[in-house]
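**Student:** Chain residues, written in single-letter form:
Protein chains: 4
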Amino acid sequence: MLLELPEEKVFKDPVHHSIYVQDLTIWKLINTPEFQRLRRIRQLGTSYLTFHGAEHSRFSHSLGVYEITRKIISQFERNRYADWPQEEKLLSLCASLLHDVGHGPFSHSLEQIFHTDHEQWTCEIILGDTGVNRVLREVDPQFPEQVASVICKNYEKPIVVSLVSSQLDADRMDYLLRDAYFTGVNYGTFDLDRILRMLRPYQGKIVVKESGMHAVEDYLMSRYQMYWQVYFHPVTRSSEIVLRQIFRRASELYRSGFEFSFMLSPIRELLAGSITLQQYLKLDEAMVQTTFGQWSEEKDELLSDLCRRFLNRKLYKYVPLLNEDKNWLEEVRQEWRRIGLNPDYHMEVDTPMDSPYDVYKPGALPDGKEKPPILLLDDQEQLTEISVKSDIIQSIAGLHRGKYYIYYPEERVIPHAHRLSSETRKKLSI
Amino acid sequence: MLLELPEEKVFKDPVHHSIYVQDLTIWKLINTPEFQRLRRIRQLGTSYLTFHGAEHSRFSHSLGVYEITRKIISQFERNRYADWPQEEKLLSLCASLLHDVGHGPFSHSLEQIFHTDHEQWTCEIILGDTGVNRVLREVDPQFPEQVASVICKNYEKPIVVSLVSSQLDADRMDYLLRDAYFTGVNYGTFDLDRILRMLRPYQGKIVVKESGMHAVEDYLMSRYQMYWQVYFHPVTRSSEIVLRQIFRRASELYRSGFEFSFMLSPIRELLAGSITLQQYLKLDEAMVQTTFGQWSEEKDELLSDLCRRFLNRKLYKYVPLLNEDKNWLEEVRQEWRRIGLNPDYHMEVDTPMDSPYDVYKPGALPDGKEKPPILLLDDQEQLTEISVKSDIIQSIAGLHRGKYYIYYPEERVIPHAHRLSSETRKKLSI
Amino acid sequence: MLLELPEEKVFKDPVHHSIYVQDLTIWKLINTPEFQRLRRIRQLGTSYLTFHGAEHSRFSHSLGVYEITRKIISQFERNRYADWPQEEKLLSLCASLLHDVGHGPFSHSLEQIFHTDHEQWTCEIILGDTGVNRVLREVDPQFPEQVASVICKNYEKPIVVSLVSSQLDADRMDYLLRDAYFTGVNYGTFDLDRILRMLRPYQGKIVVKESGMHAVEDYLMSRYQMYWQVYFHPVTRSSEIVLRQIFRRASELYRSGFEFSFMLSPIRELLAGSITLQQYLKLDEAMVQTTFGQWSEEKDELLSDLCRRFLNRKLYKYVPLLNEDKNWLEEVRQEWRRIGLNPDYHMEVDTPMDSPYDVYKPGALPDGKEKPPILLLDDQEQLTEISVKSDIIQSIAGLHRGKYYIYYPEERVIPHAHRLSSETRKKLSI
Amino acid sequence: MLLELPEEKVFKDPVHHSIYVQDLTIWKLINTPEFQRLRRIRQLGTSYLTFHGAEHSRFSHSLGVYEITRKIISQFERNRYADWPQEEKLLSLCASLLHDVGHGPFSHSLEQIFHTDHEQWTCEIILGDTGVNRVLREVDPQFPEQVASVICKNYEKPIVVSLVSSQLDADRMDYLLRDAYFTGVNYGTFDLDRILRMLRPYQGKIVVKESGMHAVEDYLMSRYQMYWQVYFHPVTRSSEIVLRQIFRRASELYRSGFEFSFMLSPIRELLAGSITLQQYLKLDEAMVQTTFGQWSEEKDELLSDLCRRFLNRKLYKYVPLLNEDKNWLEEVRQEWRRIGLNPDYHMEVDTPMDSPYDVYKPGALPDGKEKPPILLLDDQEQLTEISVKSDIIQSIAGLHRGKYYIYYPEERVIPHAHRLSSETRKKLSI
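Residue numbers (this note's numbering), protein chains in the order written: chain A, 2 to 431; chain B, 2 to 431; chain C, 2 to 431; chain D, 2 to 431.
Extracted from the complex, chain A is given alone in its bound form (with noise of 0.2 angstroms):
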């Protein structure tokens, strides 16, 4: 069943300037509850404290995926490539949509802590009793699992998967953009409309003409600069940091019997380890918030002050660290405990690298966990993987450029610094 809604739906939206939706099950599937949740979730997390534009919700994000996705498929159908299956697009619209149906707030500091997955979550909205599971089985009893499977990497036809899930997805092409235009930085552009003409759906495989090898080292350099002008800027990390001690310490007071003068019954259960599908729906940032809001006077002191720096934006500051350091950092932790700090909280040491981020990996192998590498298609028909042919992406791929930073609440050691090491007071700058 593809219904055409009789007249197509049009989103205002300030990256692709408009969002069309032409199907009923895509619009239906808009309007769930589980969907129009991602409103309430922020694309960036916690970004929005480093750069005061970055209020962008997982809902726009969705929205902007599911647009190049019909952008891509209708260039395929206009030009009738034969290695296009056609009957799949409604399929590939579903999932894209879909693809981050999962998230829950603040999800990759989440995740570290409460070792939950949210693309596991991706697949049980799916799957499970929703609003999502009953528009997509109006399509056909088995077309749950047909997204489900998509969105995991093995649906029997791998052109999908590859066009839903690759190196240069309208995933990362979508959040690349948004992401920009939000912060406000000027990295992230890259020539959209060029790329989208270059794609070729090619042998099972999404792949691109080779005379687009320009364009998409362009959207590979955005990507580089994004990830160190953005999304590993310090301040986030700081914040982010905040965030995860703030649910660690709750865990430990929670397993430990304190008493919360406030708690909500999803937070519980995720304290608990023990969240279903029905209470994990119900969490979202303004949740988080306001828990924290009520934490702030929570008698745990650490717990409460964790939760005030958060909300008024008093993060930890940050100094960078080098390898000959490490030796130092036990030091520190015993100054630390000298000076009545706690150093299992007061001080924690952050690199980029732990993190889910890769500009381009060329062997990337298309397993079912690592996004396939992104393959040229020259006029001989034959098919490079791309970094091969362009230095500039063999370059990139194997940066590594991870700083070290030791992140401390700076206004709580300052009074202390006579009491300090020479060392410490020198790597620290007071």
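Note that these hints are calculated values from the structure, not bench results.
Heads up, some of the hints might be wrong.
Identical copies go unnamed one by one, so any copy, or any two together, can satisfy a pair.
[What the hints assert, rightly or not] No more than 25 angstroms apart at the CA atoms, straight line, and that leaves these computed lysine to any residue pairs for SDA-like:
#: 1; residue 1: Lys-362; residue 2: Ile-397
#: 2; residue 1: Lys-10; residue 2: Leu-429
#: 3; residue 1: Lys-90; residue 2: Glu-336
#: 4; residue 1: Lys-10; residue 2: Arg-245
#: 5; residue 1: Lys-10; residue 2: Lys-72
#: 6; residue 1: Lys-300; residue 2: Phe-263
Got chain A; can you put chains B, C and D on it based on the hints?
**Tutor:** Below, chains B, C and D alone, put in the same frame as chain A:
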């Protein structure tokens, strides 16, 4: 005390590219909890339910207003205009930064229900026991009163009031550009740089060089277009109606002694009409949304239904009303009762004309309530109110196009369509 | 014969991003010498002397008009509107591409002096012995006549004429956007995509859905602003006056038998009023400028001075004239003679009202001369002329703001200032 | 003598929005005939035949370079950096405005044929009997020599030379942004404001704060992309080949005593190798195009054919050459002769590597010939050449991707295809 920061601070801003902070006082004000709280309050209230990009906060708008004011003063200083009192710079900057600090969540809607006034809260925050007040008092013990008097439009030097508040002020210029940028519409753009270059301090007022008239026409046309395309969009009005109904219902229930299963302190005092400054400062949109989430399962069916509508964006449908439809409305109320709906909630008539917005008012007097009109300064140093010279502005100024709409829950009416009069069915197109 | 190109051709265009050519006929037309010649004729004539970016050619504008027309037709086809005759696609595209092919260098100025008409030249190029004609005849022997009749507005199907020529046609939409882009002013921007989405073929006309009214208002305001900021800019008018004076003087000299030291063939025939099509096609701005360069050293001092003024941008100064100044003008002529200036050349009074431009004419009739008005189509399928529903457009339509200016060579007047009357000195501010 | 204008002059510029002129000397320089002449010389030579928007002139670029330099100096003055000699402001502004004033029509192509050098012409214009020289001498009799020495890179204060000419100078920054804007490609954009904010005067050099490294990477990537997408575009190369062949042929004819039916004075002296400054100043693109128009009917068939090709954009076709094709080229020469073509004109091998462009040269020495490298200034006030710290720049700096192409008149070869070897037919795909 006008302390410069050792190094200029720069905020990345998508609208103005960069926002420059040079004064320590401005820097400290931005870092107060009261100002950081504006991050949790959207500039456009419920408009994000119509334009998914409109997630931007009053925090970013306030910085933008500050930045435009800084640029205007900097132009005045560069050209050494005699009519500009240079010693008022910091006062002007603080007033422009803080002019919206009293806004709460969804202010325009909530002020209608609870008869509060964000401008009054602004003054309480500036004059009360707050971080903002402490920072201002560091400048001078009288400084908080001065800042408040500029915002309340009774400061002794009218030119400072005119700079911060007029029909062509930094507030309006920033919000038009910002709202256009984040919604993604094309209408709000005008030539900010040209207007800023044309402003002149003159005999206690900020006026515009006559050669800037066309740029001002363009600005007012942007304003006009934004009202009809964005601010008065019927979907946004529908979401505001649902929001106001929630608070109206909650107030009724509160007064009748209903036992809410979830109630946080400032919400309770809001309903009780006894909210204090410290409680008000805890209110934010996260708390409102979290409360709605909890009330979605409240026993009162009307309240829980409205909350679910708001969160899941199941808003009321709207149909335009003609003048001659007014008699019919009473009939509808009766029909609604007949089919089991509550006419006090399940229908609402709305016109944008009850709104605080006006495109331009030529006759507005600077009496402390209305924003003064725009004056052109010609080569003979004569001042003329702009609509006298501009036919375009003359025509915009007199416009009253407010359309009446009736809003109602369509899906609850349709099953009973056969019981409605043919007139009603025709008017509602069912 | 509607041959498709084996592969779509794409022109990079700063205004429309890309321009797509799919038909072989269009591709061949672009590559004719007559069309390539448009590269050597600027879209805005002498405006580059006011706005240095305005160097763009009629070639790029013609491609832009083609592209907008292509997009409109593509929207009609996608929605399968019954009122659009699909078989007229190629005819419409050719007419839109070629509508300006008869323009010569600085057309608007030269047409005033030599009483020629670019539209007539367009038809001669289409129907005469040219590359354009040969390409069109390959489609069908009658095709050139059809294309010419669309451009001359007497083609049998009025909807094709209405598509190519109206007050909201692709020509006007492209030049507003393009002229704004290249001059760098902010005024000419409007929401092209939205307007294109709102166009409908309806009973032999192209009309606008009523919900697009605000977008059309915005388009007409852009038009209004562009006239006053760009098209009627007094510096541009000054350069046009100098240009026309050069040709007026050269004609006088030619008629009086003056021996020019430099004279190329088509210029001679232009002065003689006997220019043929083949000669006309050799005229371009390069030839005009080269001729001016040579005439800069011609013996006739008036001619050589004017040519140097044009090339070195030593234009005439301008001062606005009031209504009551008309009597004074005769005095100035006498004073000019007294101080040795030639009042037939060294002063000129100009008003933009003698111009081919109109922001909008509600009463224009599609009589083959005037461009038809803009009609709104409402939900009841009623058509209404737009200024009836839009107060803004009502007010723009009636505007007559043309200012009179007097232009004169300031540096030749100043040395004799003491011999001028005090009234003249005051009016000229010398 | 540094006279300020009574009122700042503002040029509207599409790239920098506004260009501000505050000094009377700058204003007068812009109004000299030599500087106005730059309006008649395109910034990108023949590139408009590939990118139809690329009609912008060296006039607008020169203003842009001036404006960027003005902004840099203004930042230095605002921050009162000790290493910046404030008295050199006017000198720096004049040198940046005038650095390209010696360019003639299609300089890069013509300099190859006639072995002239635009930098030398720049110095002659500054030092010779010109309007530019007279304006500069009003400042100080030594001032012209000083301006020339800055442009020739031997001025006594190296920091002024470094400001005006380096691998990150105002010239390169303006042309990348401007060429991207007018061609309409997306590649040339980078964050100009951020780079300008990161520049520091330091010990006789202009260096970059280390935290600006990523912005400089982005700038160099833009440069890299612009080379391959715009500057080295094979269609542009083809038009340059035709242009050079015209002048090569005309020189041959001139030397052999051919009687040209049309020949203007500076063209004659250009061919004769005896052109003077006053003659050079009369050369512009209009004259070159007019001459080509006249030569289109010259008796020498080779010359007239080349001129028609250029004007009607019937350029040579191109096919990439592989390294192993070099032997084959000699065969082609023989085949060409066999089918009646002239191998000295009807084929040409070209590689972009013979070009004045380099993306970045880390080892460049400021020896008066090469532009100095980009240095990063870290927190310890250490300077490091940027490619040492940036892997991206390291990789760009070493790139040599120049492809060889063979260019030839396809339509003259095809009729004889059956007489060509199968190897030739295969390589030319005919």
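**Student:** Taking the numbered hints from earlier one at a time, note which ones the structure violates and give those numbers from smallest to largest.
**Tutor:** The structure conflicts with hints 3, 4, although it agrees with all the remaining ones.
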